[in-house]
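From first to last, the protein sequence lines are chains A and B.
Per my numbering, the first sequence starts with residue 5, numbered consecutively.
Per my numbering, the second sequence starts with residue 16, numbered consecutively.
Quick caveat, the hints were computed from the structure, so don't treat them as lab data.
All figures in this text were calculated on a predicted structure; none of them were measured in a lab.
Watch out, some of these pointers could steer you wrong.
Pairwise CB distance ranges, derived in the manner of DEER restraints [to be verified]:
| # | chain 1 | residue 1 | chain 2 | residue 2 | range |
| --- | --- | --- | --- | --- | --- |
| 1 | B | Val-289 | A | Gly-109 | 27 to 35 Å |
| 2 | B | Arg-54 | A | Arg-168 | 30 to 38 Å |
| 3 | A | Gly-91 | B | Asn-94 | 36 to 44 Å |
| 4 | B | Trp-58 | A | His-179 | 42 to 50 Å |
If you want the ones that stay clear, here's a sample from chain A, every Cβ over 12 Å from chain B, calculated [stated by the list, open to error]:
| # | residue |
| --- | --- |
| 5 | Asp-55 |
| 6 | Asp-71 |
| 7 | Ala-85 |
| 8 | Pro-108 |
Yeah, the Cβ is synthetic: ideal placement off N, Cα and C, and Gly gets one too.
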Amino acid sequence: MIEARGLTKRYGDKLAVDGLTFDVRPGVVTGFLGPNGAGKSTTMRMVMGLDAPSAGGVTVNGRHYHDLPWPLHEVGALLEAKAIHPGRSARAHLQMLAQANRVPGRRVDELLELVGLTSVAGRRAGKFSLGMGQRLGIAAALLGDPDVLLFDEPVNGLDPDGIRWVRNLLKGLAHEGRTVFVSSHLMSEMALTADEVIIIGRGKLIAQRPVGDLLDQSALGFVRVRSPQMDRLVAALDAAGASVTVEDDGSASVRAMGAAAIGDLAADVHAVLHELSPQSASLEEAYMELTEDSIEYHGGQPVGAPAGGIR
Amino acid sequence: MTIAATSPVATVPRRQLPPGRYRLTDLMRSEWTKLRTVRSTMWTLGIMVVVGIGVSALATAETRAHWSTMPPPTRLGFNPVSTSLTPLFFAQLAIGVLGVLVMSAEYGTGTARATFAAAPRRVQVLLAKTAVFGVVALVVSEVTAFLSFFVGQAMLTAPARHATLATPGALRAVVGMGLYLCVISLLALGLGTILRHTAAGISVFVGVLLVLPLIARALPNSIYNSVLRFLPAQIGIVIITNSSRAHSFSVWVGFSVLCCYAVAALVIGGALLVSRDV
Ligand SMILES: Nc1ncnc2c1ncn2[C@@H]1O[C@H](COP(=O)(O)OP(=O)(O)OP(=O)(O)O)[C@@H](O)[C@H]1O
Ligand SMILES: [Mg+2]
Chain A
5 MIEARGLTKR YGDKLAVDGL TFDVRPGVVT GFLGPNGAGK STTMRMVMGL
55 DAPSAGGVTV NGRHYHDLPW PLHEVGALLE AKAIHPGRSA RAHLQMLAQA
105 NRVPGRRVDE LLELVGLTSV AGRRAGKFSL GMGQRLGIAA ALLGDPDVLL
155 FDEPVNGLDP DGIRWVRNLL KGLAHEGRTV FVSSHLMSEM ALTADEVIII
205 GRGKLIAQRP VGDLLDQSAL GFVRVRSPQM DRLVAALDAA GASVTVEDDG
255 SASVRAMGAA AIGDLAADVH AVLHELSPQS ASLEEAYMEL TEDSIEYHGG
305 QPVGAPAGGI R
Chain B
16 MTIAATSPVA TVPRRQLPPG RYRLTDLMRS EWTKLRTVRS TMWTLGIMVV
66 VGIGVSALAT AETRAHWSTM PPPTRLGFNP VSTSLTPLFF AQLAIGVLGV
116 LVMSAEYGTG TARATFAAAP RRVQVLLAKT AVFGVVALVV SEVTAFLSFF
166 VGQAMLTAPA RHATLATPGA LRAVVGMGLY LCVISLLALG LGTILRHTAA
216 GISVFVGVLL VLPLIARALP NSIYNSVLRF LPAQIGIVII TNSSRAHSFS
266 VWVGFSVLCC YAVAALVIGG ALLVSRDV
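For reference, chain B alone in the conformation it holds in the complex:
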């Protein structure tokens, strides 16, 4: 192959640059391509939806099967909405892992060098990732939440009690679960940006969700009662159980606190992105 005769670059007239400079929308288009062209995205999101439905079906079928032998107080305390939303506990791990990967995979594979050479304004790259991944996470999370709810309610046939979206607080719980998953995945993206390492990012994320509550429980009761409300996992439980709980924030206050965590992680990540070498 010789290139002397047919120049590889003669096809585009030189100096025909678009006006201005590259924009956030260009980077968002690029991030969307990145997200949909690796299998791990499709796998993780697919598994989240499918396993979510499965977990919901199992949890509600279990209740239905034992309904007749249940002691009356248990029946009375049964919450059909939150039972159908148990997939939350698995789904948050799946979408969180993906959130970490959205940034850590760039470093793990070296793509970060190509990415930041194309877009040296690194904070814009993070913004584009947050926007694109955030929307994808929100859509898939809401789909998971609604499917889990409907499948679960369909399993809860009479005499077991079931709920509909019109049941007081049900819609808020279902929509809230999707919102919670979306924000928790952005918190994970922030952690991935800070740590830049997939294993470290996932470990810290899982630690925040699963290990922090265990540590909190080991503390004296008075401290436990005052820190419990700040734990992301507890905020999630409040959202899907849709009831006020002792030592917890109300639904929307808790959700706002969670948003603050995600924003803080992303802001710290952005600052580190600018100050560190790629």
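This is chain A alone, in the form it adopts within the complex:
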């Protein structure tokens, strides 16, 4: 369980994390989403006691990180940047961490095996590929068999096979009842992995909800309606408070009213329905909609493109 209360981090003038309050529960994978620079990595560093909050606080299993008697046995983390000496072997890296918290030495070999690095365990980590480094980081996170796990963009640099492996690992860890907190800026990735998402933008909380609910509440979802008696139907929908847009192809896009209610209304006014199809936004669209206002670093318009011509 991770509990953040009014968590705030200021770097000079810059408010990197702005009064975040959220809970990360055990037993589910909680995705941590936000555009570049939203404050995800900063938040995770504060959870780990590496950066001190400017205001507010965060606890892990009810304690401040600093007060954990055996940190690696309680919290494991794969943070954004590599945290490995390039001159040290993978085995030595895990060994020195294990010793700091009295993790039994055999765990080192078990984890090297688990992440598939046994054959290169004696090689200097500086020679590792991005993916191998990521796997070593994951092994380090799991070393103390912790209940709470943080992963900052764990699939960075992994091939499709590796991505699937991480996805299953995260789900498996949550399934065992652990708290799994994983950041990403890709909604599509979180849609496959997370049960719940916390979305932030410019350091502020935008939403915390189950992944499934993201779609329901999106204004991008609508119901497409076709009817030979379109005029009568549109008037009735309008009167009932739905927002209706008649499209060029003669169909109508109805928002703020469900398909069932539209069907009932059509029967009331004796309109024949030729189409009644709910159109849900993609998760990616729902996410973009939520974070639209808080994207700090927009890509530039291609030179010569008409303003607003590309979305």
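Following the hints, put chain B with the ligands in place on chain A, whose structure we already have.
Relative to the frame of chain A, chain B with the ligands by itself:
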């Protein structure tokens, strides 16, 4: 690879935590592993010993070769002990660089995040580093000092004068050189902790040893004479020449001053370690 069936973490029974909390000895074990598992440690310490012996052999062989043509006053002033301990000037740079690296490499490579996540009591980490690196530095420094002495004395064959450990003050000079190197390396560790940056740490360390004496020399004589004794390099010279010098502390007073520098650097480093973000 699926992990649903074989849980990666099922091998250790849950909640079987050791009693109490992690201790300084756990961190010392970890620091010892860190120190011996990077090549730069072995290289630096190896070079320090080997080059130390080489420098001693060169310096004494040179004296031996020119002994017969030396003017009598030079012969009279010849100090076989300090000549065999000239490697001090190189060895202090080697062990100092390593001292800086013990902390700065953590930041340079990002290992600091893993280290302080495992041990959020940061001052304890610094204590563990100081203890482990201090002992290693002391052992290697004494080995360098004694080997330099013995090799140097072996080169000083008759008619050149040579010394033995029984020569008055010789043992103190040799042991003192090892102690000096150990403490200077801890001063470097303190600088590495304060600056967190390898290049900056080494620059400041080298500046203290080599540039400060030059700056001091540029000052008016009266000031020079009163600041000279406080310079670490001068304290080192007094220790190996084993003679009282003008405008200098005596051996043990100088050594105590040096210890104060190291402690001050480590205390400031520790305070910054706690107050800064990793
Ligand atoms: N040590 C620091 N000093 C100054 N500013 C910082 C520091 N760390 C982060 N920031 C700033 O705080 C903001 C949040 O950064 P952070 O790395 O937490 O974002 P993020 O959500 O992880 O982004 P990304 O998706 O790109 O990884 C950014 O504007 C960043 O420039
Ligand atoms: Mg980040």
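Taking the hints in turn, this is what the structure says about them:
Between B:Val-289 and A:Gly-109, the C-beta spacing of about 31 Å keeps the proposed range 27 to 35 Å intact. The given range of 30 to 38 Å is respected by B:Arg-54 and A:Arg-168, whose C-beta atoms sit roughly 36 Å from each other. Separation of A:Gly-91 from B:Asn-94 is about 41 Å and conforms to the stated range, judged on CB atoms against 36 to 44 Å. For B:Trp-58 paired with A:His-179, a C-beta distance near 47 Å keeps the hint of 42 to 50 Å intact.
With a minimum CB-CB distance of about 4 Å to chain B, A:Asp-55 fails to clear the 12 Å threshold, and the non-interface call is violated. At roughly 8 Å from the closest C-beta of chain B, the C-beta of A:Asp-71 falls inside 12 Å, breaking its exclusion from the interface. A beta-carbon of chain B is positioned within 12 Å of the beta-carbon of A:Ala-85; the least distance is around 5 Å. Consistency note on A:Pro-108: stated as away from chain B, yet its beta-carbon is not over 12 Å from all of that chain's, at 7 Å minimum.
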